[in-house]
Each structure stands twice: as C-alpha cells, then as structure tokens.
Amino acid sequence: MLSRTALCGLFAFLPALALAQSCIPFCSTLLQSPQDKVPPEGYLCCNMRTDGSWISDSNYMEPGQYVLPLGTPVRPTSFGRFRLNADIGGRSQSIGNDYSRNISMDEFAKRYVLAVDPKTKMSGYSDKMRAAISSAKLLPGMTREQVLMSIGYPIGSENPNFNANVWRYWLTPYSEFQIKFDDTGKVSDITGDPLVKGQVIYN
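Read in my numbering, the sequence shown has 129 at position 136, and its numbers run on one by one without any break.
Hints are computed from structural coordinates only; laboratory data are not their basis.
Here are the computed lysine-lysine pairs in the BS3-like style, where the Cα-Cα straight-line distance is at most 27 Å: (1) K173 - K121; (2) K112 - K173; (3) K112 - K130; (4) K173 - K190; (5) K173 - K130; (6) K112 - K179; (7) K130 - K190; (8) K114 - K130; (9) K112 - K30; (10) K173 - K114; (11) K130 - K179; (12) K121 - K190; (13) K121 - K179; (14) K190 - K112; (15) K179 - K190; (16) K179 - K114.
Derived CB-CB ranges, DEER-like: (17) R84 - P56: 17 to 25 Å; (18) G45 - P166: 14 to 22 Å; (19) V159 - M54: 19 to 27 Å; (20) G57 - P33: 25 to 33 Å; (21) N196 - T70: 35 to 43 Å; (22) V31 - T184: 36 to 44 Å; (23) G57 - T177: 34 to 42 Å.
Glycine included, every Cβ here is placed at the ideal spot set by N, Cα and C.
Based on the provided sequences and hints, a complete structural model is requested.
In structure tokens form, the structure reads like this:
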C-alpha cells in the first residue's frame, strides 16, 4: 500500500452547491497561503467521524468516535496548521487536512463547509438511497456526489484524479476498500476484504 503521506497532484471537486460533481485542477500548495479565507457559516458536506474535537480527512473508523451527519451546521472560526477550526454542531472542533496537503487550506475548507444544506438535495433521493447515506454506507448505483455525502472525500494523497473510475478508501489505517465507477459515473462495484465490505455496504 502506498504511503498516505506521499504528496501528489490532485483534482479537487468544485465546492459549489452540488458537492463538487465537476472537477478542476488546482495548483500544488503545500502551506496555507495568505489568500486563504475562513469560509462563512454553512453545513457539513458529508458524514464525518469525530472524537468530539478532531475530524480527519481520512475519516477512519476508530474507537471512541461518532458520526457527525451531513448537513450539521458549521461556523468556521480560524485556520490552524493544516486544520480548519470551527463550531460544529455546537462543539468546538477541528477538521484536519492530514492527507490532502497539496491543496490550499482555502480549497480544503470549501470542500467541507457548504453554503446550502446537502440534505436539501438528499430529500429528493429514493428511500433506500437516503437510508444508505444516513447510515454512512454505500450502494451500487450511487453517483460520486452521493458517495461523498455518505463517506466523505477519498484522501488526496492516494487519489490524484477524482475523475478516475476507482476511488481508494480506508475504513481503518489498514483496511482498504475500493469504489469502482462505470462510464456513467455510478458505483458499479465495491471491492475489499469481506469483513470491510460488510461494514461499508448498505443492506
């Protein structure tokens, strides 16, 4: 398995209202730039795991964590070193840029803090799709946007091209699974250890 601390080129999603279905390239930015601005209040893009104070872009499942649901109100307060500090769901927390440091903190923050509550779009999905996303799990046929809503962004250091037909994720630091998309941009297969798949696929 490649080191998830390796830095490589990254295509990031447009952080617009549609949770970035279109992709554009950003230049490599290793440190926070003077232009980085704390985004206005908004909503959490996706289901993210937290220990109550720290949310990593890896979104690993670890002991003592719970899931903050997409659409949770977010009030950003400041940038730290590779982190966005914010009031999230009434608690002071930080979203850590642990594995996507080749983009600016400004772009990183825009991924996670959306101007429009993603639950508004989610309300138009089928009952089964809403249930899967609410459970932070996956279904064949999901779009890239729905995958993002459900389990967050794949880490940048291992996914240099978000338009690729395969996204790599880890349930834990040692439990990889892969999401494969067909030519229409929908999930065609989810591969990995059977025990891992059992925890990430909605039944």
